[in-house]
Amino acid sequence: MKTPPFQRRTFLKGGGSIAIGLPLLEEMLATQAYCARSKDVPVRAFNVFFGLGIPMPLQDEGFDGVMEPLKPLSEKLLIMRHIDQYRCDEKGINAHFDGSAAAFTGEPPEGEAKSKGPSIDQVVRHALYPEGLPSGMVPTLNAGTYFRRSRICRYLHSYNFDGTASARMQESPRELFDRVFGTLPVTADPDAQKARMKRSVLDSVVSQYKHFTGANSPLGAQSKSRVADHLDRIREYEQRAFSMEDRKSSLSFSPPDSKLPHGGEADPNGQGIDMPLDKLVEEWRLLADLYALAIQTDRVRFGGITFLAAGERLRIKGSYEYNGRKIWDFDDARQLNASGDKGCSHEWWHKFNEKKQNEQLRAHAHMKLREVAYFLQKLDNSDSVDANGKTILENAMLTISTESGDGRHANTKRELSGVFHAISSANGRFKTGQILDVNAEGLDVYNSMLQAMGAKHKLGPEARNQRPVDVIRA
Amino acid sequence: MVMGVNHHGILALPTKTAIKGRFIEFPMRPALRTFALGFLALVQFAAGRTTDGLVVYYDFADGEGKVVHDRSGAGEPLDLEIQDPNAVRRAPGELEITGDTKILSKDPPNKLLDGIGESNALSIEAWIRPAESMQEGPARIVTFSKDTSNRNFTLGQDRDKYDFRLRTTKRSNNGIPSIPSNGNMAKPEITHVVYTRDASGNAAIFLNGKEAGKGKVPGETRNWDKSYQLGLGNEASGGRFWKGTFYQVAIYSRALGPQEIKESFEAGANSGLAPSQESLARVFESKVAPILSEHCLECHDSATRKGKLDLSRKDTAFAGGREGLAITPGKSSESLLWEMVQSDEMPAKRTPLSPEEKHTLKTWIDSGAEWSLEIIDPADFRHLDASQASFVQRLTSREYIDTVRHATGVDISEEALALLPKDLRADGFSNTAYNLSVDLKHITAYAQLAEKIAQRIDLGAFLEHFQIHRDFRDKNMGKAITEIGKWVLRGPLADEELAAYLEIPSTTGRLGGNFDQALRYVLEAMLQSPRFVYRIERQQGSLDNYELASRMSYILWGAPPDLELFRAAGAGKLADPEKAREQVRRMIQNPLAISRSQQFLYDWLNLGRLDNLRPDPKHFPGWSPQLATEMRNETLAYFEEVAWKQKRPLADLLNTSLAIVPPNLARHYGWQPKGSGTARYSLQNIPGRGGLLTQGSVLTIGGDQASMVSRGLFILQDILRGTVKDPPPCVDTTPVPEKAGLTKRGIAEQRISNKSCGGCHAKFEPLAFGLEKFDGTGAYHESDHFGNRLREDGNILVPGTSRPIAYQSVREFMDHLANSPRVAESLTWKIAQFALGRPLAAPDRPEIEKIHQAATEAGGTYGAVLEAIVMSDLVRKRRNY
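Line order of the protein sequences matches chains A and B.
Quick note on numbering: the working numbering labels position 241 of the first sequence as 241, and the sequence is numbered without any gaps.
Quick note on numbering: the working numbering labels position 208 of the second sequence as 1208, and the sequence is numbered without any gaps.
Since the hints were made in silico from the structure, they are not lab data.
Source: prediction; values computed, not measured.
Warning: the hint list may mix true and false statements.
DMTMM-like cross-link-like pairs, simulated, lysine to aspartate or glutamate; straight-line CA separation at most 25 Å [unchecked claim]:
id, chain 1, residue 1, chain 2, residue 2
1, A, Lys456, B, Glu1096
2, A, Lys210, B, Asp1495
3, A, Lys224, A, Glu236
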């Protein structure tokens, strides 16, 4: 089969006024040569998270309700309902945190920044690339537009085998750009002698790390793994700082400064922040564009992307439309008649009552899925066609989930029951075009996915009786 | 043996075990069987086993970890280390080898050499289960050897036979000719294998209590090689691994007689040497107590006692509740606890226990219900995973800056703070090792910073500390790198490290550079080394003096050892506890100890949160960011005053009646400012104030709404080290607003009186009652904005106790907290967590209790707690990886 022409010479437009122009894209495509290019379709896995979830009764409405934005992609997704994560309940913590840690791991948190086990993307990564990814590639990319900070598991959605973060979060478009495409400050010195000395210094540093990750390392397994991660980053640095030095001058683009708060400012004492809808969407879409670009240019094959943290607290304001149709006017603080945290959209989830209309919650959930769909569509356009003629959305294992199903239908397992999930086909491995009531534990669904991907590792307790969910497999 | 899948879809593995000489077949899922077998190994004891002449004994009771402990009680334990834990499956009482690994003695097996060398007789007894019949080589089961050709002895499996090789003065170094068992004996069944040889050379193999082979092995064992290692499951050099399961291995320095062997066999695969209290306690503390804590204590602790049953203490647990005895030792069928759990009636409205948890509970009751803890404290079980201890610690940004300053004299703080990604807080502290991962940004920053430091360093002044000539010849360069590397990297360089660094001057020389240039590049490399960026330790063997010095200095100062400590390490003095203690006391006097303690305070109270406070201007029009900064500074200054200048017991932080604040903050608090600068205020006559909890930095924890839930939970979890579970299902957690006639306290009291909520809310909301008069920004009011009068009385329910202590005023409240042993103990736990860089788990409790006791006896000051921590086994001994 002839490889389709690489048709990514279009403008990447952000949701607002930001656009990355053709010259930049030219550079992106040119630098793709530094990653391993193959006519084979690479195995990829990404976890897409959105905060606060979709209550089960609303999931039951299918594409007629809040899931409407996923309808255009419905043939390329398998919507999975009735997935339970209640084994992940962590005492003393509400479902935002433990449900969030459960997404893509099926395991409870084991600390504020640690899951009890790896996430599915990392299991696939290690199974399919046991010797590591091609040189120069970002091993894992974690990024997102999120504001709630109190616990890292609220927004981080890719974990190593030891349960620690697989990579640090890139929380703004500029950070993401710099992480994937940015030039490094240490590059070739015009003075050839100095350049050789820099090389010599780096060689010495590498040899030190190799010593501590090699067969004679005096370190235990976890520490060795941590130092090995460090060495991986050094190798990436080496590749970027030295091998790519020739094009550093031409890659001068950098996304504009973020207009939204980040770091501690984004979560002032858990009280929430005011958030204009257009600004939120603008930043998210630019970040989603760049993440998609990173995948399209084969800089990234694994990781997680987050649209709003678990238990997010925003006082959103703005007119929300979908396909030219007015859905809702967001004005959380006014509509809740409250300030601070009590004026945040989060409260609509607390107020959910299946006997009522829940207009506000519906509008928020609809908006979240519109933005998730935005990212997915980026991986399904003509710039995302792989060597087999299918799009990245069709070829990669994309898993979409959230923290809570708020399943008030179940007496004992309220919040962690019926957590929304959707997956892409993963190059024909999974069914698509359906909404399926799988009635299974998250762990069993994930393990079935991993098995289909060819990974032998099983998530969850070793002694656990596995219940394969074959119904999702094509 | 027949394997199949039962009607539940569960793999039914008819499993054979031998108890009191009888084989019992029972279908059970492998995991449960594994656990049951292990548990039984700890609780069933037979009369027949002898300890006479016992030299080493492995019962595999740990069920986890990399170490197989020798529990013979004879001399120094000869523990074995599992090289690849992924190649074994462990459960209490058994170890299954599934892959190619080695399990070898860490220390020289001197007691084997001494015991058997002297007696010229031995017995090797093993309860094992081969994975398959056709293993050959022979595949090594128990071996005391060097490689495939050199051994003192080896018990192996050679296809369907067992085979024993023994080196004597009349046998080869390979122990050949060997003594084999009869054929068709090595099967995948639990088997009792004994090889015995007396001083006259009469040798025999017994299988399941019956002789199954014999022969003569003349000679003496005095030619045994002292350098060999004792190993299980593989040759010391590898290549002969045996697949199967160990239940017990014993080695005696005498020949067991046929009757003894028969009795040992009849005692069963699960018999132990003696009912070790220690091992029973270990099972209770590691398996049973976490289950009770997780599933039962929410309603059946000392405070709640639903059904008048308190399962948190031994005496109350065994006394039972309104319905009668909850636990009848030895009889699960007569234990109400088991009955309720088995039927899923309990836990009420919560997730039922898993089958594995139920089995653990039942087996524990049936085995006698050993209860070793005074109290089950749920806080101990918040972090079950002790493996967090094994994450290497990367230097935090602050530690990096201080380390650079101490090592090179360069102040890189401005650049480092700008370039290094922020260390994020996890589990209460920003130095939690598992969360100190690296991003590409770190690598870039380390490289940039190293370059800047190397260029900025004053080489002349720097080199004065060393006996180094600026001479570019190889020999001198090697000496210079050795000396400098030892200092910068906080310990001596290994030969291969030196060789790697020497490449740099070599390149410099080829390019026509000089000594100074070469040294700067070497330093640039060292500053990026894992030994600089991380607190690298050899994670095996005992700690060396340099490692100990680094632990001490980073805990006490957040910085590397100074010259004096470094010299003490070089002289090997730190292994001596008294010499080490002298150093600790000296270091605590250094101002660095104060700044390190303020980092602890900053993280513990999350003072960084204050930078981002943005109270709703409609409700708090007088707020300014300056107030937040002043609140943080107030707390830091107060801490320094109480903990360091006045050297008061740490718990006094809760009730010392003084404040050090600037005029702006004084006004915010409603006080008349004293002049224009920061001043001390005595709070003796100021109502409501006095102690950390009455400072704005802490009062803002409740947010704009001054949430009683948030404040109460903070006091419960961070001051009293208590725990609480989630709201139960189907509870509307939407906050109820205040109104005229209904204060926050009134709303809280409604929650407490609610049947579904009260069980937990009664444990923490009253803790915030005393702070009711403080609004969300810490200002003091006698009434709320609805005109409701506010109160300050309330009560404290200390975790683990049943009777609330009433208080009438904030001052009384703070006095109760300051005088509570629980608060003092909680502070020790917090400081220890920060010192160790990891959340503490139940296995840490014994050491923390010792630390707390020592610190209390020494006055309970911050310095006393630090000294006790640094002198404890948690710091002075290698962590158990």
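The hints, checked one at a time:
| no. | hint | result |
| --- | --- | --- |
| 1 | A:Lys456 / B:Glu1096 | 20 Å, holds |
| 2 | A:Lys210 / B:Asp1495 | 15 Å, holds |
| 3 | A:Lys224 / A:Glu236 | 18 Å, holds |
Consistency with the previously given hints is maintained throughout, with no hint failing.
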